[in-house]
Amino acid sequence: MLFGIEYAISLLFLVAAIMVPLSIGGYLVKIILFFIAMVFDVLAFTSRHYAYLFVPFIKGRGKRVILSNDDAYYLSASADSILKKVGEKFIATVYIMLPVYTSSTEMTDDQKLEFTQKVSRMVGITRDPARFTTEVLIMNKDDYLRELKDAISQADNEVAQLNLNKNPDKKRMEHYKGKSVMLRNLLNDMGKVTSYEEISYVTVSAYGYKEYEAVANAQQKARELISGISSVFGVPVSIITGNELLKFVEPEYLIPYVTVTTQMNSDLESKVI
Amino acid sequence: MMDETTMIYLALTLVVLLLAFGTLGSIAKGIYYDIAILLMVITAGLIIIISQVDYVMFTMLTSLLGTTIKPANNYMINKKQDSVIKNVNNLYYATGYVTANLFPYVFKNENPPEDEEERMSQAPELWENIVKSLGFPFKFHVFSIGLNVQTARDELEGKRSYQEFQLSRALQGNANETVITSIQRQIRVLQSKIDMISSGEKPIATIMYIETTAVGITEQEALDKLSSQVTAIQVAFSSFDVELRRIVGRELYEIFKFNFALPLTVKDASSLFDQQG
Numbered sequence: 004m005l006f007g008i009e010y011a012i013s014l015l016f017l018v019a020a021i022m023v024p025l026s027i028g029g030y031l032v033k034i035i036l037f038f039i040a041m042v043f044d045v046l047a048f049t050s051r052h053y054a055y056l057f058v059p060f061i062k063g064r065g066k067r068v069i070l071s072n073d074d075a076y077y078l079s080a081s082a083d084s085i086l087k088k089v090g091e092k093f094i095a096t097v098y099i100m101l102p103v104y105t106s107s108t109e110m111t112d113d114q115k116l117e118f119t120q121k122v123s124r125m126v127g128i129t130r131d132p133a134r135f136t137t138e139v140l141i142m143n144k145d146d147y148l149r150e151l152k153d154a155i156s157q158a159d160n161e162v163a164q165l166n167l168n169k170n171p172d173k174k175r176m177e178h179y180k181g182k183s184v185m186l187r188n189l190l191n192d193m194g195k196v197t198s199y200e201e202i203s204y205v206t207v208s209a210y211g212y213k214e215y216e217a218v219a220n221a222q223q224k225a226r227e228l229i230s231g232i233s234s235v236f237g238v239p240v241s242i243i244t245g246n247e248l249l250k251f252v253e254p255e256y257l258i259p260y261v262t263v264t265t266q267m268n269s270d271l272e273s274k275v276i
Numbered sequence: 496m497m498d499e500t501t502m503i504y505l506a507l508t509l510v511v512l513l514l515a516f517g518t519l520g521s522i523a524k525g526i527y528y529d530i531a532i533l534l535m536v537i538t539a540g541l542i543i544i545i546s547q548v549d550y551v552m553f554t555m556l557t558s559l560l561g562t563t564i565k566p567a568n569n570y571m572i573n574k575k576q577d578s579v580i581k582n583v584n585n586l587y588y589a590t591g592y593v594t595a596n597l598f599p600y601v602f603k604n605e606n607p608p609e610d611e612e613e614r615m616s617q618a619p620e621l622w623e624n625i626v627k628s629l630g631f632p633f634k635f636h637v638f639s640i641g642l643n644v645q646t647a648r649d650e651l652e653g654k655r656s657y658q659e660f661q662l663s664r665a666l667q668g669n670a671n672e673t674v675i676t677s678i679q680r681q682i683r684v685l686q687s688k689i690d691m692i693s694s695g696e697k698p699i700a701t702i703m704y705i706e707t708t709a710v711g712i713t714e715q716e717a718l719d720k721l722s723s724q725v726t727a728i729q730v731a732f733s734s735f736d737v738e739l740r741r742i743v744g745r746e747l748y749e750i751f752k753f754n755f756a757l758p759l760t761v762k763d764a765s766s767l768f769d770q771q772g
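Keeping their order, the protein sequence lines are chains D and B.
Offset between the first sequence (1-based) and my numbering: plus 3.
Offset between the second sequence (1-based) and my numbering: plus 495.
Take these hints with a grain of salt, some might be off.
Between beta-carbon pairs, the in silico distance windows are [stated by the list, open to error]:
1. B:Thr760 x D:Ile61: 26 to 36 Å
2. B:Ala665 x D:Phe38: 39 to 49 Å
3. B:Leu666 x D:Tyr77: 53 to 63 Å
4. D:Tyr77 x B:Gln686: 40 to 50 Å
5. D:Asn188 x B:Met555: 54 to 64 Å
6. D:Ser123 x B:Thr713: 41 to 51 Å
7. B:Thr760 x D:Gly245: 25 to 35 Å
8. B:Thr713 x D:Lys88: 29 to 39 Å
Pairs of lysine to any residue residues, derived as SDA-like cross-links and limited to a Cα-Cα distance of at most 20 Å, are as follows [said to hold, decoys possible]:
9. D:Lys224 x B:Ala700
10. D:Lys224 x B:Gly641
11. D:Lys92 x B:Pro566
12. B:Lys720 x B:Asn584
13. D:Lys213 x B:Phe755
14. D:Lys182 x D:Lys213
Covered stretches of chain B, as calculated for chain D (at least 3 residues, CB under 8 Å) [as the list claims (entries may be wrong)]:
15. 504-510
16. 515-525
17. 546-555
18. 613-624
19. 656-667
20. 691-702
Worth flagging that the hints you see were computed from the coordinates, not collected in a lab.
Positions of the beta carbon are idealized from the N, C-alpha and C atoms, including for glycine.
Please work from the sequences and hints to get the whole structure.
See below:
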């Protein structure tokens, strides 16, 4: 569309440059018209890939170009896909978790080869567009640390309770004291290092003219893909739902806020020291 | 590689130049004639350069003008067009992308089968070493799409003929060893793809890329960290012997949109990544 307009303007100015009589401004006017024709010729070609930018670029005066003020996506009512409206269509995207926990250190050479062949086969499993991803993210250890602290308190409580007895069970006492020390050491170690988590997942999209239609189509594609992947890897594959989806979409879920602030504090401490 | 639509655009815009050249006598005389010739040369040059490296031209323009692009609420593409930035609670998360087509390495049998098997069996260990060595979050994406068997075969044969022509030209001329080896490698890759289709495998097109995110209390800090992460990724993945190029320009925007909706047809996908994919 935009190409057609710019191309027509280019031709129009070229014809004008040829036809305009010399009595109107002489060759100067002709060369200006010719220049405009050339500019629109270049613009017509650039519209091949940049048509979406022309109007926002002019509106933003080339400084702050706004392509969209809408959210990049929204969660479907069923909370199992994300939706995006593109023109008249809705595109639903489903995320499928791939629980593959094998490590190469536990594999023989033959198993490694077999694993790579399986991955290769999985990538070609569907004719529909699909994206296979392995994500390494910083683990949000908040919940885990809280659980550790609770377990330490529980162990300490047990020790205190046992101490109240005149003849405490020494075996149980040793057990809870040992547990408390072990958990404290674990807590200290966990707090010092950044832990990473590796997750693999597959993404599929489908469109529809209604939200529910797009979601149903995407879920159908996902189910087909799930049965294929399950047969290749022999693992139970599931669709990701709810807030878990954010881990794969939003950048801030790759680096949890707690980790960032901890890192900043330690950076600051090292600078002060 | 240029797709068919881009070729049509190129042909049509060059037709205007041809028309202009044919009628130049009736447009200008004397010094104006020279100016008109100069304008035509500049126009032709610009069109050809844009057709080959539009992302370089686009990035130059945005850097020069200081243009930032807002692709969606809360997101911003920086003026260098190499990062997508998100501001969350006054923290800046900068995300960058690197091309990493692993197919020549792991999946394609461009080398003799025994070598291929060795490489494939080494791949999981190499991957784990990379994960262990990189101390920051990243994502490795493989976008795949099934192709029509006959169309894919015809296209591959066409590409192989073109590469063979390039090789014969390089052998006749004074091309250096690196160029010849690179073309020979391309031919081997294409031949192995044709062989795979002939043996009954389904042809698929793939786009592989790595995404990494850095965080900072200022935009510049996040961008600086991102640049060092991208460099670390390029170093770490170099053991896979793949071309790792940072994605910039419109392809960055397209790849950003992948997070929320994938392209639905081969045509949609192929038109997006003709330069850096």
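Hints versus structure:
no.: 1; hint: B:Thr760 x D:Ile61: 26 to 36 Å; in the structure: holds (30 Å)
no.: 2; hint: B:Ala665 x D:Phe38: 39 to 49 Å; in the structure: holds (40 Å)
no.: 3; hint: B:Leu666 x D:Tyr77: 53 to 63 Å; in the structure: holds (57 Å)
no.: 4; hint: D:Tyr77 x B:Gln686: 40 to 50 Å; in the structure: holds (47 Å)
no.: 5; hint: D:Asn188 x B:Met555: 54 to 64 Å; in the structure: holds (56 Å)
no.: 6; hint: D:Ser123 x B:Thr713: 41 to 51 Å; in the structure: holds (43 Å)
no.: 7; hint: B:Thr760 x D:Gly245: 25 to 35 Å; in the structure: holds (30 Å)
no.: 8; hint: B:Thr713 x D:Lys88: 29 to 39 Å; in the structure: holds (34 Å)
no.: 9; hint: D:Lys224 x B:Ala700; in the structure: holds (19 Å)
no.: 10; hint: D:Lys224 x B:Gly641; in the structure: holds (14 Å)
no.: 11; hint: D:Lys92 x B:Pro566; in the structure: holds (19 Å)
no.: 12; hint: B:Lys720 x B:Asn584; in the structure: holds (19 Å)
no.: 13; hint: D:Lys213 x B:Phe755; in the structure: holds (17 Å)
no.: 14; hint: D:Lys182 x D:Lys213; in the structure: violated (56 Å)
no.: 15; hint: 504-510; in the structure: holds (count 4)
no.: 16; hint: 515-525; in the structure: holds (count 7)
no.: 17; hint: 546-555; in the structure: holds (count 3)
no.: 18; hint: 613-624; in the structure: holds (count 8)
no.: 19; hint: 656-667; in the structure: violated (count 0)
no.: 20; hint: 691-702; in the structure: holds (count 4)
The earlier numbered hints that this structure contradicts are 14 and 19.
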